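Each chain, letter by letter, is given below.
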Amino acid sequence: MSSHIQLTDQGKLKHFLTIEGLNRELLTEILDTAESFAGMSEHQVKKVPLLRGKTIVNLFFENSTRTRATFELAATRLSADVMNMNIATSSTAKGESLLDTIHNLESMHVDMFVVRHALSGAAHFIAQHVAPHISVINAGDGQHAHPTQAMLDMFTIRQHKKRFEGLKVAIVGDILHSRVARSQIVALNALGVDEVRVIAPKTLLPAHVKTMGVIPLHDMDEGLSDADVVIMLRLQKERMNSAFLPSESEFFRCFGLTEAKLKRAKSDAIVMHPGPINRGVEIASSVADGPQSVILQQVSNGVAVRMAIMTMTMRSLGGMA
Amino acid sequence: MSSHIQLTDQGKLKHFLTIEGLNRELLTEILDTAESFAGMSEHQVKKVPLLRGKTIVNLFFENSTRTRATFELAATRLSADVMNMNIATSSTAKGESLLDTIHNLESMHVDMFVVRHALSGAAHFIAQHVAPHISVINAGDGQHAHPTQAMLDMFTIRQHKKRFEGLKVAIVGDILHSRVARSQIVALNALGVDEVRVIAPKTLLPAHVKTMGVIPLHDMDEGLSDADVVIMLRLQKERMNSAFLPSESEFFRCFGLTEAKLKRAKSDAIVMHPGPINRGVEIASSVADGPQSVILQQVSNGVAVRMAIMTMTMRSLGGMA
Amino acid sequence: MSSHIQLTDQGKLKHFLTIEGLNRELLTEILDTAESFAGMSEHQVKKVPLLRGKTIVNLFFENSTRTRATFELAATRLSADVMNMNIATSSTAKGESLLDTIHNLESMHVDMFVVRHALSGAAHFIAQHVAPHISVINAGDGQHAHPTQAMLDMFTIRQHKKRFEGLKVAIVGDILHSRVARSQIVALNALGVDEVRVIAPKTLLPAHVKTMGVIPLHDMDEGLSDADVVIMLRLQKERMNSAFLPSESEFFRCFGLTEAKLKRAKSDAIVMHPGPINRGVEIASSVADGPQSVILQQVSNGVAVRMAIMTMTMRSLGGMA
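Protein chains in written order, with our numbering: chain A, 7 to 327; chain B, 7 to 327; chain C, 7 to 327.
Think of the hints as simulated: they come from the structure by calculation, not from any bench. Keep in mind that the hints are not guaranteed to be accurate.
No copy is singled out in the list; a pair is fine if it fits within one copy or between any two copies.
Stated by the list, open to error - Below, a list of computed lysine to aspartate or glutamate pairs in the DMTMM-like style, where the Cα atoms sit at most 20 Å apart:
1. Lys208 <-> Asp232
2. Lys269 <-> Asp232
3. Lys208 <-> Glu102
4. Lys168 <-> Asp200
Just so we're clear, the structure is a prediction, and the values are computed from it rather than from any experiment.
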């Protein structure tokens with residue numbers, strides 16, 4: 007899937023579909039813009055009028071209360087009008103095609119689609135077909151990408167480590183099925199970290215994983231050694247079957263993050279997780295709630311990062327005064 | 007059902023339940039008011055404060071994402087507060103009667119009910135029982151009426167044909183079960199078109215169809231001949247059974263709109279459909295997406311027309327400054 | 007469950023979880039504040055900017071369209087942003103714990119949780135664990151409490167009877183399973199009514215009912231005699247089984263409120279019910295719709311009382327300018 011579609015001729019962000027093809031400068035602009043929104047959450051009135059009168063549609067073909075909530079809050083705090091559409095239970099039941107649904111909504115003069123879909127490439131496909139004044143934000147498409155999640159992770163890393171140069175980042179778990187991991191790996195490399203390691207059993211690594219710019223490892227002790235950042239992935243139980251891994255407890259023994267294993271990382275390493283966490287499956291409660299965990303800060307940063315991306319795409323489409 | 011209930015003593019629109027009983031002057035006022043809102047969708051800030059502080063309840067006893075969305079957008083762009091209530095899954099499950107639900111909501115000082123219900127006459131029944139300061143808008147009741155859909159269709163026809171006099175309009179498909187067709191026929195006659203033809207197999211026409219002021223025909227070639235406007239109806243598969251028609255492909259062969267059949271109409275005829283469309287059942291994709299199709303403009307106009315009706319009813323109830 | 011958690015060190019309302027532990031002065035402050043909002047529903051613009059920029063989350067683990075609607079309207083009329091989360095069908099399905107859900111939402115910098123839960127103590131538990139700037143409002147927890155309902159009932163009683171001193175109040179029906187009754191009894195005693203009687207078959211009274219400060223009675227004639235206020239409870243059919251009562255019609259014969267039985271009460275007695283009512287089960291239609299019924303006024307007052315509680319908790323947390 008080409009990533010050029012998400013940029014204007016001037017190289018500005020028009021859609022936000024994937025981290026691929028975005029250069030370090032643009033990713034840094036997103037992080038800087040998010041920084042200006044991050045402080046706002048402490049204000050008495052958590053609202054700015056930047057997107058007043060804009061209509062943002064949360065188009066969720068796959069249920070996700072938490073992700074929908076952060077996008078809804080981000081839009082509301084920019085003073086946009088938000089319309090939630092849960093399409094799983096909706097007019098597709100009447101046999102309407104995806105494109106007909108999109109064209110109908112765009113005829114109502116909406117300004118942005120936030121799209122969550124179980125199929126890889128769905129947001130990309132929609133962006134190819136929407137009217138030129140509409141922006142599409144990918145809120146997770148199949149096993150392909152979850153770029154706003156990756157950017158909030160980058161924001162959180164920069165918040166704690168100040169810079170990306172020289173960092174060793176370990177991503178642990180089901181890399182094979184994770185759209186989050188895929189987006190993180192591209193972002194980390196674009197932002198210039200020293201090393202991205204992926205740690206997983208062979209059955210949970212993609213076939214040509216090395217071409218992604220990572221070091222694949224199968225042992226936690228080796229993988230976490232001297233790491234600055236440890237990112238645990240959610241074990242997508244619903245996507246797994248017995249062919250991939252023996253049991254939850256066996257997985258936890260080998261790849262779950264415990265206080266003992268975390269000692270292999272640098273003493274000031276931060277522990278991240280995209281949530282929702284499976285306590286005792288991929289991460290011990292004592293680590294998730296421990297001093298090195300920044301899991302809840304990731305959630306906070308998610309609102310600011312999404313406000314930044316919404317504002318940047320609307321601005322580049324000329325949709326702001 | 008008496009239509010007088012929807013007018014004030016001064017003949018102003020108080021509820022909007024059916025086209026029946028509304029004269030040409032009032033229908034034209036709706037179209038003119040909608041025209042003032044139609045341009046607004048292009049503005050940077052698509053909002054006017056006309057209904058600020060009003061509470062509009064989308065009371066949907068029958069699921070319809072698309073219709074709910076246009077009403078929600080119309081209300082939001084008038085700065086009203088919208089509350090969506092999907093009653094199918096709600097307190098009626100606790101055995102409360104429809105009237106008790108209505109009286110409870112009106113006790114919360116809401117200003118407008120937008121009602122969708124599977125039973126003919128539901129909106130009318132509610133209008134008879136609400137407090138005098140509340141307006142009821144019919145968003146589709148059983149097989150009875152869908153008057154806002156009919157008015158957006160009239161708006162679209164006037165947009166393209168400038169006037170109603172002299173127009174030949176063909177409505178094709180399942181007239182028998184269609185609340186849309188019923189409302190369109192009344193509106194077209196009130197606005198003074200030359201001829202309304204309905205084209206359908208006999209099993210899909212009401213018994214006394216001629217009393218509705220239409221010419222019933224069973225052949226597409228004859229029916230489309232010299233038509234200025236062709237309105238295709240959705241084949242409500244869920245309402246059909248084998249007694250009414252042989253098969254989808256047989257229906258398409260006889261009554262589906264193809265480019266070849268469309269050639270019988272005037273060369274500048276417009277093609278309309280209330281959506282969602284069944285491609286290849288009642289309409290060929292090449293026609294739905296072709297140069298004569300105004301299907302997506304109907305959707306756009308739907309927001310403006312609903313804004314007009316909401317504003318007019320609130321104004322006549324004295325609910326606006 | 008300790009009630010001190012809901013007060014600040016200065017004795018101001020921080021959370022609203024239960025009536026227990028709140029003194030007469032504070033309850034009166036709620037009623038007085040609600041009074042200032044009650045008139046607002048008549049205004050052209052039913053909105054004040056008191057909670058502008060605040061985010062209020064309706065966290066409903068148990069479905070309740072009606073209660074959710076009154077809280078949504080109350081928040082909207084205070085200009086807060088409302089986010090509805092129906093958790094029954096949501097991320098708890100992904101196995102996330104209640105506390106993880108709460109901590110995630112609070113990381114998004116929300117200001118208030120309105121909580122409905124089938125388990126007694128749920129709102130209390132959440133209040134014990136939220137960040138100090140967040141307020142928790144109990145919108146009904148299991149069979150424990152429904153304090154906003156009790157306060158709107160008190161508001162309605164004061165509206166009609168002016169004072170609580172000297173009043174005889176009869177509560178009729180399934181006291182055993184009713185969180186509403188539990189909260190009402192505490193409130194009525196705190197506000198200084200003369201007598202609270204509970205009228206029910208023995209199987210529907212709690213074991214140590216006398217310790218609650220009520221007079222238990224099993225006969226309607228005796229119970230309603232000279233009452234100033236008659237509160238009928240909803241018969242929670244879904245919670246009942248045959249062990250508790252013989253049949254609906256038998257229940258109505260013994261404990262249903264009819265015009266004849268109501269004659270035992272004072273001639274100016276008011277009849278209340280938390281809704282939704284089961285006509286012909288616990289109350290005759292002629293009484294529910296009769297001149298002594300204030301059931302719909304209770305609903306109206308519910309919006310004003312919830313506005314008052316939301317405003318008071320936000321103010322005591324320093325969240326208002």
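Structure-based check of all given hints:
no., hint, verdict
1, Lys208 <-> Asp232, "neither (22 Å within a copy, 69 Å between copies)"
2, Lys269 <-> Asp232, "within (9 Å within a copy, 75 Å between copies)"
3, Lys208 <-> Glu102, "neither (41 Å within a copy, 27 Å between copies)"
4, Lys168 <-> Asp200, "within (14 Å within a copy, 67 Å between copies)"
Hints 1 and 3 from the earlier list are contradicted by this structure; the remaining hints agree with it.
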